[in-house]
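*Asks:* As given, the protein sequences belong to chains A and B, one line each in that order.
Quick note: the first sequence uses this note's numbering, first residue 1, plus one each step.
Quick note: the second sequence uses this note's numbering, first residue 1001, plus one each step.
Bear in mind the hints are in silico, worked out from the structure with no lab data behind them.
On a predicted model such as this, the values are computed, not experimentally measured, just so you know.
For every residue, glycine included, the Cβ atom is placed at its ideal position computed from N, Cα and C.
Hints are not guaranteed to be accurate.
Claimed, not checked - Straight-line distance between alpha carbons at most 25 Å, and here's what the computed SDA-like set of lysine to any residue pairs gives: (1) 1131/B to 1178/B; (2) 1107/B to 68/A; (3) 1307/B to 1275/B; (4) 241/A to 1131/B; (5) 1032/B to 1136/B; (6) 1032/B to 244/A; (7) 1107/B to 1073/B; (8) 1131/B to 12/A; (9) 1131/B to 1084/B; (10) 241/A to 1111/B; (11) 237/A to 1039/B; (12) 241/A to 1066/B; (13) 12/A to 72/A; (14) 1131/B to 234/A; (15) 241/A to 1073/B; (16) 1131/B to 1265/B; (17) 72/A to 1118/B; (18) 1032/B to 1268/B; (19) 1131/B to 95/A; (20) 72/A to 1136/B; (21) 1107/B to 242/A; (22) 241/A to 1119/B; (23) 1352/B to 1328/B; (24) 1043/B to 62/A; (25) 72/A to 1163/B; (26) 1219/B to 1275/B; (27) 1131/B to 245/A; (28) 1155/B to 83/A; (29) 1277/B to 1328/B; (30) 72/A to 234/A; (31) 237/A to 1119/B; (32) 1352/B to 1114/B; (33) 1243/B to 1337/B; (34) 72/A to 1180/B; (35) 1131/B to 84/A; (36) 237/A to 1131/B; (37) 1043/B to 117/A.
As the list claims (entries may be wrong) - Calculated Cβ distances over 12 Å to all of chain A for the following chain B residues: (38) 1055; (39) 1098; (40) 1125.
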Amino acid sequence: MAWAGMNWGLFKIIYRHTGEIGLDSGWHEHEFFIFLGTIWIINSLIQTLFMANAAEFSELIRTGNLDFALLKPIDTQFLISFPRINWSQLPNGILGVVLIAHSLRELMGEREIYFSVFSIPAFLFFIGCGAVVMYSVMICLASTSIWFGRNQNLYNFWFYITNFYRYPMEIYQRSGVGMALWGTFTFVVPILVVSNIPARILAQPLGTPWKPWEWGLAAYAIIGSIWSLMASRWVFKRALKSYRSASS
Amino acid sequence: MVIWKTSKPNSSRLLVADKPFYNPAMPTIEIKNLSKTYRVYQKQEGLIASVRGLFHREYREVHAVNDINLTVEEGEFVAFLGPNGAGKTTTLKLLSGVINPDQGSVKVLGHVPWERENEYRRKFALVMGQKNQLWWDLPAMESFRLNQHIYCVPKEEFERTRDELCEMLNVTNLLGRPVRELSLGERMKMELIAALIHKPDVLFLDEPTIGLDVVAQHKIQEFLKAYQQEQNNTILLTSHYMKDIEALCKRVVIIANGSIYHDGSLEDIVDQFSGDKIVTLQFHDDRSLEAISNIPNLIEIDAPKIKFRVNRDEVGRVLSQILSEHAVDDIVVEDPPLEEVISNVFSQAEAKGRREAEPLSKSR
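Here chain A stands alone, though its shape is the one from the complex:
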């Protein structure tokens, strides 16, 4: 909560100095806060549902207790992904919803926002895609514990990666390095797409109707979610092959 407050405060300050992030990108203050709210929702979903479980998975590997999960006649990835729900992470998501609602209202006072019956389901669907991609990233990170034996950097890694998906993609498209980052986090690990699409659905920074490339990106978000889920599945299976168990 405090972190969310600081986050919000920081961008509030930044928008004292500038009208929009990225020239002609359309990410003005309210649009951006919709984006921020979206990120909070995805983050809180991940942290509520998967974060503790992924950390637990690393611990199972280290102690050799993964043995028991492997014995069960049920999909192992399913078994280790969902045993625990960390409710304490949910309030940030609710805060995200509040922030989005407030910013949308402000935005509607300023200009016309296209809103249909499909907007909310579409938004939720792409939030779901976001959760899928972030879940995949997390499973891959946690699986590496099988090779390294110990992985206490899971939370750190998580922080680094989420650092890149917390901003509108336009901010990367100015320099060579930025483009490289943008390419990596769009096509290799599609985390940028899944944070940008749901936010664009509500904030419509470039107005409506969407530009063709925005539609393309939305389609790609779906493909990217499927592809990252499959990739994480593959990594998980590969990792299990190398599982050595622990002394007993």
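Put chain B on the given structure of chain A with help from the hints.
*Replies:* Chain B only, in chain A's frame:
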């Protein structure tokens, strides 16, 4: 959205009466040339060695399981015996598909364990005495329920099995107590029940009686014996307690340094590895006792008794000689204690292993 394939539980296969689908002529467990080698990082003591370890790592190859061949038929109760680090647990882990081997093939009930087919995983159970698979903070009952759902056991059957098992192990009144508040013995009983909820055809028990007191050990032995007789399932057991093995297993496989050193009955082992008998004589008077007190291989004198060791083939000759010269009240001829025999076997096996051991292999 479910992207990956989840196999649907096939309820018909879960009925107890339904024997596993495999050729009955095939042995239940068939192990051929099974090997598993671990590469273990060797680190010297201290900070400098730690830094060096970042650039140049030395590894040692540990042959945890080394070319094992073994066949177990349905309904057999086999003990794995061996010193610590002999490869018993690794073998059980390979058989239950937890780890993948480097070489060799294994078929259990017609399945390759490390392919981890759900069908196979519904047919066996692994109990590890040193690990805990029950939810620590919840009553054992909750863990049983979870297993019921994971193994798709019908409700009535689950309740029947649970009640039977709880009664046999005498733990019905403990079902509602959080696992962390159970004693080790009670917890072990619960672990067994959790593993048996789905009536496995094959059961792997890794030191199920470790750390238990004599009473609890005995209870678990009795239970396993009765359970195996009732269900006629195939059980592989590792244990360091000779009592367990004496009570339960007709067949004993001795593993040392990852290889099978002996496979046969307990009597075989005693015959083969202990050349001596222990003779206890009780004399009528002290003069006789003194007369033979200088006998070779004397163990102890506790007047009017004397205890000594005689080579198996010599027992008859030695005894008849003593009997012809002295008045003897009582004679006991027995095998040396099993622990002693086994410890001899272990040291022989270890010595053999050391001779054959490869020199340290270093790699970058």
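*Asks:* Under the criterion that the straight-line Cα-Cα distance not exceed 25 Å, is the pair residue 1032/B, residue 1136/B satisfied?
*Replies:* Answer violated: residue 1032/B to residue 1136/B is near 38 Å, above 25 Å.
*Asks:* Taking 25 Å as the top limit, are the C-alpha atoms of residue 1352/B and residue 1114/B close enough?
*Replies:* Roughly 31 Å between the alpha carbons, so the hint for residue 1352/B and residue 1114/B is violated.
*Asks:* Hinted pair, alpha-carbon criterion (25 Å max): residue 1155/B, residue 83/A. Please report holds or violated.
*Replies:* holds, 22 Å
*Asks:* So if I understand the rule, the pair passes when the alpha-carbon distance is 25 Å or less; does residue 241/A with residue 1119/B pass?
*Replies:* holds, 19 Å
*Asks:* Does residue 72/A pair with residue 1136/B here, judged by a C-alpha cut-off of 25 Å?
*Replies:* holds, 18 Å
*Asks:* Do the alpha carbons of residue 1352/B and residue 1328/B lie within 25 Å of each other, as the hint requires?
*Replies:* This hinted pair is violated, its Cα atoms lying about 43 Å apart.
*Asks:* Please verify whether residue 1032/B and residue 244/A have alpha carbons no more than 25 Å apart.
*Replies:* Answer holds: residue 1032/B to residue 244/A is near 21 Å, not above 25 Å.
*Asks:* Measure nothing beyond the straight line between the CA atoms of residue 1131/B and residue 1178/B; if it is 25 Å or shorter, mark the hint as holding.
*Replies:* holds, 17 Å
*Asks:* Given the hint that residue 72/A pairs with residue 1163/B, test it: the Cα-Cα distance must not exceed 25 Å.
*Replies:* Within the cut-off at roughly 22 Å; holds.
*Asks:* Check the hint pairing residue 1107/B with residue 68/A against an upper bound of 25 Å on the C-alpha distance.
*Replies:* holds, 20 Å
*Asks:* Is residue 237/A within 25 Å of residue 1119/B, Cα to Cα?
*Replies:* holds, 18 Å
*Asks:* Residue 1098/B: least C-beta distance to chain A exceeds 12 Å?
*Replies:* violated, 5 Å
Consistency with the previously given hints fails for numbers 5, 8, 13, 14, 15, 16, 19, 23, 26, 32, 37, 39, 40, ordered from lowest to highest.
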